[in-house]
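Engineer: Below, each chain spelled out in residue letters.
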Amino acid sequence: DAGITQSPRHKVTETGTPVTLRCHQTENHRYMYWYRQDPGHGLRLIHYSYGVKDTDKGEVSDGYSVSRSKTEDFLLTLESATSSQTSVYFCAISLDTNYGYTFGSGTRLTVV
Amino acid sequence: EDQVTQSPEALRLQEGESSSLNCSYTVSGLRGLFWYRQDPGKGPEFLFTLYSAGEEKEKERLKATLTKKESFLHITAPKPEDSATYLCAVQAGGSQGNLIFGKGTKLSVKP
Chain A
1 DAGITQSPRH KVTETGTPVT LRCHQTENHR YMYWYRQDPG HGLRLIHYSY GVKDTDKGEV
61 SDGYSVSRSK TEDFLLTLES ATSSQTSVYF CAISLDTNYG YTFGSGTRLT VV
Chain B
1 EDQVTQSPEA LRLQEGESSS LNCSYTVSGL RGLFWYRQDP GKGPEFLFTL YSAGEEKEKE
61 RLKATLTKKE SFLHITAPKP EDSATYLCAV QAGGSQGNLI FGKGTKLSVK P
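Protein chains in written order, with the working numbering: chain A, 1 to 112; chain B, 1 to 111.
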């Protein structure tokens, strides 16, 4: 989507290795979110940010950490990847809490 | 617990055959209900936001309605290009914009 970029698009990693996914926006939106999407579960919130250095946990935050040092970048880190973290990860941005999200194109992560 | 349930899980229609998708929800203080479309391998694309019971919104062949317990996405005379997964999400009062998503309805429209 224009204005929001996720990298990498695909990644295969080994169990136990650290992994960082990046979300970059050019829209200057205050709110940024990380979701994972799995068959049978739909989209579930991992972490979100409501400003630079302001973050909070979502529904499925165990095993994940985030950082937001600049408005435009929101990083998701898997400290020690496990097979249960194999998923498609989506970043989303929102101008304000009453607005819908704009989603990125997703990162497909496979942990082997 | 806030919850969103979408039905049916999958729907197959012939081109021109109108139908509706359902999204039922339980949430503490609804701030908004959102509909998204998701194509395979892509991120969800925003369609509508509804804020209060009785509200309706339209876009091309799609019309979304909202009651106090559920929302419907009506598809009139669908075309094959309407094939996608449609996601419903709710935002609860007091949330930091967090959305709770349903599992989606996969729509297939055959020519």
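The set of hints was computed from the structure by calculation and includes no laboratory data.
Be aware that one or more of the hints could be misleading.
Unchecked claim - Result set (DSS-like, lysine-lysine): computed pairs, CA atoms no more than 27 Å apart in a straight line: (1) B:K42 - A:K70; (2) A:K57 - B:K79; (3) B:K42 - B:K68; (4) B:K79 - A:K11.
As the list claims (entries may be wrong) - So the derived list for chain B, only partly shown, Cβ under 10 Å to chain A, looks like this: (5) P8; (6) A10; (7) T26; (8) S28; (9) G29; (10) F34; (11) S95; (12) Q96; (13) G102.
Keep in mind that this is a model prediction, so the values were computed, not measured.
Every residue gets a Cβ at the ideal spot worked out from N, C-alpha and C, and that includes glycine.
Engineer: For each hint, tell me whether it holds in the structure or not.
Structural biologist: Now for the hints, and whether the structure bears them out:
no.: 1; hint: B:K42 - A:K70; in the structure: holds (26 Å)
no.: 2; hint: A:K57 - B:K79; in the structure: violated (40 Å)
no.: 3; hint: B:K42 - B:K68; in the structure: violated (31 Å)
no.: 4; hint: B:K79 - A:K11; in the structure: violated (35 Å)
no.: 5; hint: P8; in the structure: violated (15 Å)
no.: 6; hint: A10; in the structure: violated (13 Å)
no.: 7; hint: T26; in the structure: violated (16 Å)
no.: 8; hint: S28; in the structure: violated (15 Å)
no.: 9; hint: G29; in the structure: violated (13 Å)
no.: 10; hint: F34; in the structure: holds (5 Å)
no.: 11; hint: S95; in the structure: holds (7 Å)
no.: 12; hint: Q96; in the structure: holds (5 Å)
no.: 13; hint: G102; in the structure: holds (6 Å)
Going through the hint list in order, the structure does not satisfy hints 2, 3, 4, 5, 6, 7, 8 and 9.
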